[in-house]
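Participant: Each chain, letter by letter, is given below.
There are 2 protein chains.
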Amino acid sequence: MKLIRNIAQMHRWSVLQRKRNLTIGFVPTMGALHEGHLSLIRRARRENDSVAVSIFVNPAQFGPHEDFKKYPRNLFRDASLCRAERVDVLFVPSAASVYPAGYKTYVTVEGFSEVLCGRSRPGHFRGVATVVNKLFNVISPDRAYFGQKDAQQAAIIKKMVRDLNMPVTVKVLATVREPDGLALSSRNAYLNAGERADALVLWQALCLARRMAKRGVRDTAQIIREMKRIISQKSNSRIDYVEVVDASTFLPLREIRRGALAVLAVWIGKTRLIDNMVLRPGGEYAKG
Amino acid sequence: MKLIRNIAQMHRWSVLQRKRNLTIGFVPTMGALHEGHLSLIRRARRENDSVAVSIFVNPAQFGPHEDFKKYPRNLFRDASLCRAERVDVLFVPSAASVYPAGYKTYVTVEGFSEVLCGRSRPGHFRGVATVVNKLFNVISPDRAYFGQKDAQQAAIIKKMVRDLNMPVTVKVLATVREPDGLALSSRNAYLNAGERADALVLWQALCLARRMAKRGVRDTAQIIREMKRIISQKSNSRIDYVEVVDASTFLPLREIRRGALAVLAVWIGKTRLIDNMVLRPGGEYAKG
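From first to last, the protein sequence lines stand for chains W and Z. Using our numbering, read the first sequence as starting at 1 and increasing by one per residue. Using our numbering, read the second sequence as starting at 289 and increasing by one per residue.
Since the hints were derived computationally from the structure, they do not count as laboratory data. Check before you lean on any hint, since a few could be wrong.
As the list claims (entries may be wrong) - Below, computed lysine-lysine pairings styled on DSSO-like, alpha-carbon distance capped at 30 Å: (1) Z:Lys-459 x W:Lys-104; (2) W:Lys-104 x W:Lys-70; (3) Z:Lys-502 x Z:Lys-516; (4) W:Lys-2 x Z:Lys-307; (5) W:Lys-19 x Z:Lys-459; (6) Z:Lys-522 x Z:Lys-558; (7) Z:Lys-290 x Z:Lys-459; (8) W:Lys-69 x W:Lys-270; (9) Z:Lys-358 x Z:Lys-392; (10) W:Lys-19 x Z:Lys-290; (11) Z:Lys-392 x W:Lys-104; (12) W:Lys-19 x Z:Lys-307; (13) W:Lys-70 x W:Lys-234; (14) Z:Lys-307 x Z:Lys-459; (15) Z:Lys-307 x Z:Lys-290; (16) W:Lys-214 x W:Lys-228; (17) W:Lys-2 x W:Lys-171; (18) W:Lys-171 x Z:Lys-307; (19) Z:Lys-522 x Z:Lys-357; (20) Z:Lys-357 x W:Lys-171; (21) Z:Lys-290 x Z:Lys-357.
What the hints assert, rightly or not - Covered, in the sense of this in silico footprint (three residues per stretch, anywhere, with C-beta under 8 Å from a C-beta of chain W), are these stretches of chain Z: (22) 395 to 404; (23) 446 to 452.
Think of the CB as a built atom: it goes at the ideal place given N, C-alpha and C, for glycine as much as any other residue.
Using the sequences and the accompanying hints, generate a full structural model.
Facilitator: Next up, the structure:
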């Protein structure tokens, strides 16, 4: 496995793959790799001739009071995990090379970016769209892989790619969970034992929503009320948002229909966790 | 020469050129081609194996009260000019395919885009950056060609390409002028005979600025004052802006130095014309 830190060198690698008619699968990450990332890498490995993984804790997607500094970093461990998955290139650019002095260009996906996580984290999705756009330009992958856990991010990337005619196929893979249901996240590392137990309430609220939808409840306000009720029972929890949205537009739904997605963000102590669950499959989203 | 109207088909052509190891030169235009465009096409023809020209009157770069509707369109004439220059592909997408219903993604280059033409035409450069980004993604040219007449546009495109790591070389070619000095522009077609005579004042003001700079005048305020004075002598003229800026950042300069660029936008009757001239070569800009 090659470790590349330089943008121009990364681009040359990608040009060489193209010249050799090799397809490129790409998994952009912020490191602190877990089984969720590895599931993306394995799929990329199966579907492409070459696999590139990037590790870049992107300052542009963190707010001034967020966890950029304390976000877990462990390149040595991440690199051995990638090597074990037969990744061809691990791309680890510096922040100074990604955003050199005088940097000024940003990609925004309007509408999607101002709601839910975008409302709680102003500028977050602009940072995400911009860095993914840049990485796609440097690596020019045939396929890029994202996790459904970050559903809003995945929807924004898909929309950006379609709107800007970027020549890449975006694949969104199912959320990988702990045996008890907690969605894997690098931020789970912030939780102490008590918080880890309380964090399960995100999964429990989503399961409750799905049961209600299956039972035939159509009124999303009723579902959201019940979800909020059980989350609030944990003394360590603070709700950021609980919503039912259309999975392809992220606009709120008043009634359950095809493509309905329950989404939530909850603080457990000082850690903000997100998760989501499809309540009724279908719509454009099913094409994944 | 192929005429392609479909985005997917255009992209397939570009992929095929790459497979054959042929380089692509690209000239994006809004049609109503004149010798300025042709100079770009000829250079593209000399420097690349294949040449693509696009004609797209981009609604996203026109304000609500601007000349989108009356902008000159003559595909038949444009196509024969391109054929005569041995263009390989003329790409003429529809507005509905470039901006389908629900379109939401925009590229902005901050700082550059809010001054001068950007201040007079809010949203203009966002529209320009977005459409050029899209065209680059569809066509993936090795080299793209722009005219120095639209200096601010060219600077913004160069900045976007650098910031977003787009794999294309942007070339900015000298303004082509009428024998008397008027910069070629598709909008010159709007001028009646009297206005055409008055329009020469843009060139005269720029030449005055250059003479003053050569004579050693360093105070840009003094130069701007003199430029405004001679423009105001034409009863049909109305100044939008007259400035001296750094050619690579488009920030105003108080003193003449390397890379100083005089820029102006002037209404002649109902037609807004722009032009510019380097007052002292050098700086990053000279790398062109």
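Participant: None of the hints should be skipped; say for each whether it holds.
Facilitator: Going down the list of hints, with the structure as the test:
no.	hint	in the structure
1	Z:Lys-459 x W:Lys-104	holds, 20 Å
2	W:Lys-104 x W:Lys-70	holds, 26 Å
3	Z:Lys-502 x Z:Lys-516	holds, 19 Å
4	W:Lys-2 x Z:Lys-307	holds, 26 Å
5	W:Lys-19 x Z:Lys-459	holds, 25 Å
6	Z:Lys-522 x Z:Lys-558	holds, 14 Å
7	Z:Lys-290 x Z:Lys-459	holds, 24 Å
8	W:Lys-69 x W:Lys-270	holds, 15 Å
9	Z:Lys-358 x Z:Lys-392	holds, 26 Å
10	W:Lys-19 x Z:Lys-290	holds, 26 Å
11	Z:Lys-392 x W:Lys-104	holds, 20 Å
12	W:Lys-19 x Z:Lys-307	holds, 8 Å
13	W:Lys-70 x W:Lys-234	holds, 25 Å
14	Z:Lys-307 x Z:Lys-459	holds, 24 Å
15	Z:Lys-307 x Z:Lys-290	holds, 18 Å
16	W:Lys-214 x W:Lys-228	holds, 19 Å
17	W:Lys-2 x W:Lys-171	holds, 24 Å
18	W:Lys-171 x Z:Lys-307	holds, 25 Å
19	Z:Lys-522 x Z:Lys-357	holds, 28 Å
20	Z:Lys-357 x W:Lys-171	violated, 40 Å
21	Z:Lys-290 x Z:Lys-357	holds, 27 Å
22	395 to 404	holds (count 6)
23	446 to 452	holds (count 4)
Going through the hint list in order, the structure does not satisfy hint 20, though it satisfies all others.
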